[in-house]
Amino acid sequence: MTGPAGAPAIPAPGFADPTRDAQRAFRAVLDALAHPTRSYPLSGPARSPAALGRGLAAVALTLLDEDCSTWLGGSLGADAECAAWLGFHTGTRLVAEPADAQFVLADPRSLPPLAQLRRGTDEAPHRSATVLLDVRGCTGTARFRAAGPGIDGATGFAAPWADAEFLPQWTANTATFPRGVDLLLVDEDAIAALPRTTRLHAVGPAPIGSASAPPTSTRPAQEA
Amino acid sequence: MRATTTAAPATAARQKWMRTLALAEPADLAAAWQDWQPKPEVRRIRGPEIGLVMVRGRIDAGGARFNLGEATVARATVHLHGEALRSDVLGISYVLGTDLEHAELAAVFDGLLVDPDLHDRVLAEVVAPLARTQAERDERRRRDARSTRVDFFTVAREHA
Amino acid sequence: MYVAVKGGERAIANAHALLAEQGRGHPHLPVVDPAQVEGQFGVLVSRVMTEGSLYDPELAARALLQAQGDVLEAVTLVRSYRTTLPRFGYTCAIDTSGLAPQRRISATFKDLPGGQQLGATFDYTHRLFSAAGAATPDRRVSDGVDGEDQAMPRVADLLGAGALIEPDAHPDQDATQPGDLTREPPVFPMSRAERLQALARGDEGFLLGLAYSSQRGFGNTHPFAGEVRVGEVEVEFDAPELGFGVPLGRIEITECQMVNQFTGSAETPAQFTRGYGLAFGRSERKVMSMSIVDRALRSAEFDERVVSPVQDEEFVISHSDNVQATGFVEHLKLPHYVDFQAELMLVRRLNEEFKESRA
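Chains as they are written, first to last, in the working numbering: chain A, 1 to 224; chain B, 1 to 160; chain C, 1 to 359.
Calculated from the structure, these hints are not laboratory results.
Because the structure is a prediction, the values reported are computed rather than measured.
Glycine is no exception: its CB is placed at the ideal position from the N, C-alpha and C atoms.
Keep in mind that the hints are not guaranteed to be accurate.
As the list claims (entries may be wrong) - One side only, chain A facing chain C, incomplete, derived with CB under 8 Å:
{"#": "1", "residue": "D65"}
{"#": "2", "residue": "D67"}
{"#": "3", "residue": "G87"}
{"#": "4", "residue": "F88"}
{"#": "5", "residue": "G91"}
{"#": "6", "residue": "D182"}
Claimed, not checked - Reference listing, derived: stretches of chain B covered by chain C, where coverage requires no fewer than 3 residues with Cβ under 8 Å from a Cβ of chain C:
{"#": "7", "stretch": "17-24"}
{"#": "8", "stretch": "53-59"}
{"#": "9", "stretch": "144-150"}
Pulled out of the complex, with its shape left as it was, chain A reads as follows (with noise of 0.2 Å):
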């Protein structure tokens, strides 16, 4: 960042009150994570990398720390500042391959593919991946039908970032509990959630509510 006898590069600085902002922050991932595919305001530090955006920034400086290893996707792992801000500010320790990842921070075109990701083991699922995913500015138009524990039966959500890849691997990935990945959908002033209890299915030629009841969902073979 800066050497002795070079010129620094001055970082940016993190949230104007470390304590008070990451416990706003974390509260409102608790509240996404706990309604899933509901979306919650969320508030980043003023002068963040133009990489991160203020959103991601914000979910950055609260979650990541000295002793978690995070892999950055696409423009985000190309960009040196926002590597060396993320660094400075949380400790983390950047890793090369998505699979070393407890932290995941991507863009739609950048995700690699879910199953490549830490899904945990059943003794001990906490220690899988979670995908911070940068939802700026996305125009999709693909629409799931989500349901699941913290959805009350089941709700219509827009999925602007989400490709025709990613419907299967997300039932593939709901289909491992408790193994499995965490998605936090992070947009510049918003984040929604996708914990891997929430079951997604397409919305399809039939409105949402009618007959077509979401399959019951099958508890999954224990791996050997």
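Starting from the structure of chain A, add chains B and C where the hints point.
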């Protein structure tokens, strides 16, 4: 082995003043800042904040490392801006203990020392007096300890 | 097993108030300032720092005052506090020969280079109460003292030069990161690095008892205090954003190198072996006990038969942490009403059956 043994001269110089600032009495630093003119504009980049470092020792004093236990550390990173500075600088400090003001002032003076135009003045007006006080204190402690040096003699002759 | 109970809020609040009142002492006397504890109870503060595994004399003093002198309560306070702080990272390994020690003695060499330096020690005090009010020294100790500091090489290095003691350094010793018990739970058998970390935060009394047991014959150690050092060392932190070791300041430490007999084996000639102790502050009894226990726990390395408690790694390490120990012992005062009712019914029934069989 200490990192200083292989450090480049610029790094060694910075380590030296960082050591003096870390070892300084907080009241002395506060007084030095009080007297400092013109004051730069200080923007907080990170901290001042308290955290931990794990102190490491070596097995049998010279062998592989092990984790002895933690120590509290206050740290600060500040961005200095002002007319007296050649350009904006970043000041950094890490100081044992939980004194946030000590950490912030140490970071400010570190930043001023990084600036080529102010370097010599800070060294002469702030760092040198602090270093002198510390050297005197160390010498006093060494003399006190030296006064307890002892020559034991065994009652029976050793090489009978 | 215990069960949760409800109620008693007022009684608990009153108990807290009563505790505070009792800890206050006589209301006409001044309240003790933490700085006084730090200055005048330095050895006690060292113990709280060492067993609390956190170097901060100011916090340790505050903890002792709040705990009304209960060391384990103070240690628990310190340990709880540390969990609220982020870990910035690891320091460079401290160099215990880096600064002139305050105290440095050896029981193995009378005339060692640098000399014996007693420092501030209880060793030659008469263990008699001094007259009231005589606690203040009436002279500067160093009045009239001259001479230069001499280098104080480690005693073990003097033996090492003649290959009479096992080497301490190994060429690839920094290739791997040492295990950290505050991050990963212990798995037996441990590395020596992990064991030393556990012993460093272990209970002084427990380690003292174990060390004593091994000296008395429940074990196989024949130790000599090769060297005891007390002094301040510099701590450097490898700050990632700077890329060099940042001097943080100094911490006071106590170090002990025990030298132990080893008769040799088919492959190795007879030479001395080492036991090591290191602790925060002035903690001489702790590091001496620690170094004896450390050596005793190396029995696997030297193909020694494990016959005594002090040589049993799992026994020693699992029971050395006083916060864990007191938690488990003291949890017995939590409500066990349901468990006890069940046992009571069982004993009553067995009693009845016993009487019937006699009838």
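Hints, verified against the model:
1. At a threshold of 8 Å, the smallest CB-CB gap from A/D65 to chain C is about 6 Å, leaving the interface hint in force.
2. With its C-beta approaching chain C no nearer than about 7 Å, A/D67 sits inside the 8 Å limit, and its interface hint holds.
3. Residue-level restraint check for A/G87 holds (minimum Cβ-Cβ distance to chain C is 6 Å; threshold 8 Å).
4. With a least beta-carbon distance of about 6 Å to chain C, the hint placing A/F88 at the interface is held under the 8 Å criterion.
5. Restraint check, A/G91 versus chain C: the minimum CB separation of about 7 Å is within 8 Å; hint holds.
6. Look at A/D182: its Cβ only gets to about 23 Å from chain C, farther than 8 Å, so that hint breaks.
7. Coverage of a stretch by a chain is defined here by at least three residues with a beta carbon nearer than 8 Å to that chain's beta carbons; for the stretch 17-24 of chain B and chain C the count is 4, and the condition holds.
8. Under the rule that three or more residues need a Cβ within less than 8 Å of chain C, the assignment of the stretch 53-59 of chain B holds, with 7 such residues.
9. For the stretch 144-150 of chain B, the stated coverage by chain C holds: 7 residues have a C-beta nearer than 8 Å to a C-beta of that chain, and at least 3 were required.
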